[in-house]
Amino acid sequence: MDFMVFQYPMISVQACLDGILLGILFALIAYGMALQWGVMNIINIAQGDLVILGGYIAYFMYLYGIHPAWGVIVAPIIMYFIGVGLYKLVINKVVDRDLFISILATFGISILFMQLMNFAFGADVVLANSGYGTTFLFDSAVVLPNSKIFSAFISILFAICLVIYMKKSKLGRAIRATAQNARAAKILGVDTEKVYAATFGINAALCGVAGALISITFTIHPYMGLPYTIRSFMIVIVAGLGNLPGVALSGMGLGVFEEFADYILGTEFRIGAVFLLLVLILVYRRFKLSRKREYLK
Amino acid sequence: MINKNFILYAAILVFGITAPFIFPAFKVQLSILCVLIVLALTWNIQGGEMGYNTFGNILFYGLGMYLCASVQVGMFFPLAEWTESGGEKTFVHTPVQFFQGMAVGLVVAAVVPTIVAGLIGYSILGLRGHYFAICTLGLGVAAGEISGGIEIIGAGQGFTTPPFPDVGGLEARGEFFYFLSFLAVVLTFIAVKSIYATRFKLILNAIRDNEDKAEAMGIQTMKYKIIGWMISAFFCGLAGGIMGGLVGYIDSTDVAFDGREMGVFMVLMAILGGKGTLWGPVIGATVFHIFKEGFWTFFLGWQYVALGVLIVVIVIYFPEGIMGWLREKYPERFGEVVDEADRKAQVELK
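So the protein sequences, as listed, match chains A and B. Count the first sequence with my numbering and you get residues 939 to 1235, in order. Count the second sequence with my numbering and you get residues 188 to 537, in order.
Hints may be right or wrong, so weigh each one.
[What the hints assert, rightly or not] Here chain A is said to cover these stretches of chain B; the calculated rule only asks that three of the stretch's residues, wherever they fall, bring their Cβ under 8 Å from a Cβ of chain A:
#1 280 to 294
#2 299 to 313
#3 318 to 325
#4 420 to 431
Read the hints as simulated data drawn from the structure, not as lab findings. Note that this is a predicted model, so its numbers are computed, not measured. Beta carbons are placed, not taken as given, at the ideal position from N, Cα and C, and that holds for glycine.
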């Protein structure tokens, strides 16, 4: 452990800025998680693997000479259809059942995706170089890659578009109605099966965007999916379902926490710190609720 | 009925004792099967009887594995130098040292996870349903990541457990570990069976069916949940200790805290056999192990794909498991009285 981070204030600024830009990306993934959790009442362990798959789509475009930033447009389109296909094959059978069934089934999908990606793309850590250069702030004391700023900007753009879409469009209204009361929505003529498929597709598309951005900004690897699932789960339970500003804020908080954990504990403990934080948050909420004799539902 | 059961148990016991001599080539596989049965049985106490579906029993398994090996080495030699030397052995256990170390190590491997379960039980078991599942998943992964960063137990490069001493060669090693794990199965089975005959099991079932009502009936659910978890942890740690010696090499994320393999296998075996039954996990583990070994041998490289598909198929199409299926087919065997006319009417309705 070294405490450089406390001796040099600029490192703290660097970590905060990095964390916030990273956290915006996490919030985008978490928004998809909250969407499917709220609408379909399933917890998707394969969320992180969808993200990584989106990243590989952008990486492949990069390999074939197309600028990976176009992946932000191509990946969600491909991922939408993958999401809908996944829904038709597996997810529609777990929607009305026990949550543990959905956790276990999506865990199976996660293992399957992990290995298929490992076959298709190899087990190397890869990144798609965007060639955006870097920005120097405060006399070069803080270094920010432009790709990170770009990815945060695109994430915010997609999130805003989605919020407007959910508010205004017919499908968006149907999704919100189904989330409120699936039976009533069915009675009023909403085809809930279609709504579920579309929700899962939108979630997968969001994962695709986030994955494409991650492949530009950070690195991707077939086995790196689970931490993204856990992060988005954590963000959702901290913020609560359907609380969009909360999702954004807790995403940034998590990003900053991770960057500081990285500096203080060392990179090898970064993922461990994320998982421990999850346990601590859940335990904290359990004690907070038990004072009122309630429990997490 | 008692007579019939007695014959069954005697037959299994005789088969278990003679198995390594009948199938000498499969000694290691049979030992692994025994460990898997122990894990499935202990998971069933949690997931099947208590309704707390955990992914976190891998924590106790990995803890037991590291503890057993560390004690076995640390009793006689400096632990740090042992792990630093890696594969090249600078210290050699004499046979007496090896067995002494193994015995003490297994006791520690079983007791410490039990204490850990007791300590963290109050905070973790207050969570319900899927929060509990995800929290325990996080615990398992966190333990793997953190133990991968600790130098004294080998960090990323792994920990080589003491090699079997030079008495009787490879045959003796296989037989030793087989009988050790078989003993563990017998112990676990007897313990689980006797637990299931008591009021304790009924309390666990009450917690599974409706925890709030159980509490309203005056049962201190938290106390029983913690005790249930501690029993699970005890046998999980024991199984981990044996497995560590059997594999001979401990890696933090690939062997000890292997949530992707062992952590899911436990759940899968218990569900495949039938949750909430005594024999379900045993049958499930056996079927699963045979299937897995077949797949691992003939479809090398595709095993995780097969595993993923298998999980999805079992969970979606076969959630009642083999015992549940048998129960539906032959309800009389399970002591359920079925009215013949009623059954016929049902068949006609179908």
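Checked hints:
1. Here the segment 280 to 294 of chain B counts 0 residues with a CB under 8 Å from a CB of chain A, which misses the bar of 3, and the coverage is violated.
2. With a cut-off of 8 Å between beta carbons, the segment 299 to 313 of chain B has 3 residues touching chain A; three or more are needed, and the interface restraint holds.
3. Beta-carbon proximity to chain A at under 8 Å applies to 6 residues in the segment 318 to 325 of chain B; the threshold of 3 is reached and the given coverage holds.
4. For the segment 420 to 431 of chain B, the stated coverage by chain A is violated: 0 residues have a C-beta nearer than 8 Å to a C-beta of that chain, whereas at least 3 were required.
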